[in-house]
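A.B. asks: Sequence:
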Amino acid sequence: MSHKHRNILYLHSHDTGRYIQPYGHAVPTPHLQQLAEEGVLFRRAFSAAPTCSPSRACLLTGQSAHSNGMLGLAHRGFTLNDYHQHLVHTLRRAGYYSALVGIQHIAADTAAIGYD
1 MSHKHRNILY LHSHDTGRYI QPYGHAVPTP HLQQLAEEGV LFRRAFSAAP TCSPSRACLL
61 TGQSAHSNGM LGLAHRGFTL NDYHQHLVHT LRRAGYYSAL VGIQHIAADT AAIGYD
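Just so we're aligned: 11 in the working numbering is position 11 of the sequence shown, and the numbers increase by one with no gaps anywhere.
It should be emphasised that the hints constitute simulated quantities derived from the structure, not laboratory data.
Take these hints with a grain of salt, some might be off.
[As the list claims (entries may be wrong)] Here are the computed distance ranges between Cβ atoms for each label pair: (1) Ala-48 to Ile-8: 32 to 42 Å; (2) Asp-116 to Gly-39: 17 to 27 Å; (3) His-25 to Phe-46: 11 to 21 Å; (4) Ala-26 to Ala-112: 19 to 29 Å; (5) Arg-43 to Leu-100: 18 to 28 Å; (6) Leu-100 to Lys-4: 18 to 28 Å; (7) Ala-45 to Thr-90: 11 to 21 Å; (8) Lys-4 to Gly-77: 14 to 24 Å; (9) Gly-24 to Ser-67: 33 to 43 Å.
C-beta atoms are modelled at their ideal positions from N, C-alpha and C, and glycine is treated no differently.
Full structure from sequences and hints, please.
C.D. replies: See below:
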């Protein structure tokens, strides 16, 4: 990776919503608050789908659920039409290394997604 690249830290917490400290609510999340103050905080976001797997898939592919194929929950057998449409492949082509820590809810087998 070139030294011109900035690091990207993408955090996606499961079903947190916006009722935490960085969004002005009383639930203290000091580490998330610090990240929000030093980085980027999405304030005008919307859900592209009504459940978690399709919504995450839309965010990480840039496609609607009807285009990317994730029409339901991954743990119920729904999958992306093409895992090479996932953001990790775009980042890899740009010279980035990607890693997944935790859950992802868009593939039964995490290896299918393509994280390094």
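A.B. asks: All hints, please: hold or fail.
C.D. replies: Verification of the hints:
Between Ala-48 and Ile-8 the beta carbon distance is about 21 Å. The supplied range of 32 to 42 Å is therefore violated. Remark: the range hint 17 to 27 Å for Asp-116 to Gly-39 is upheld by a beta-carbon distance near 22 Å. The given range of 11 to 21 Å is respected by His-25 and Phe-46, whose C-beta atoms sit roughly 18 Å from each other. Roughly 39 Å separates the CB atoms of Ala-26 and Ala-112, a value that falls outside the hinted 19 to 29 Å.
Take Arg-43 and Leu-100: their Cβ atoms lie about 26 Å apart, and the range 18 to 28 Å holds. Our hint of 18 to 28 Å for Leu-100 and Lys-4 holds, since their Cβ atoms are close to 25 Å apart. Checking the proposed 11 to 21 Å range against Ala-45 and Thr-90 shows it holds: the Cβ atoms sit about 20 Å from each other. For Lys-4 paired with Gly-77, a C-beta distance near 42 Å fails the hint of 14 to 24 Å.
Under the hint 33 to 43 Å, the C-beta atoms of Gly-24 and Ser-67, about 34 Å apart, fit the expected range.
In summary, the structure is inconsistent with hints 1, 4 and 8 from the numbered list given earlier, while agreeing with the others.
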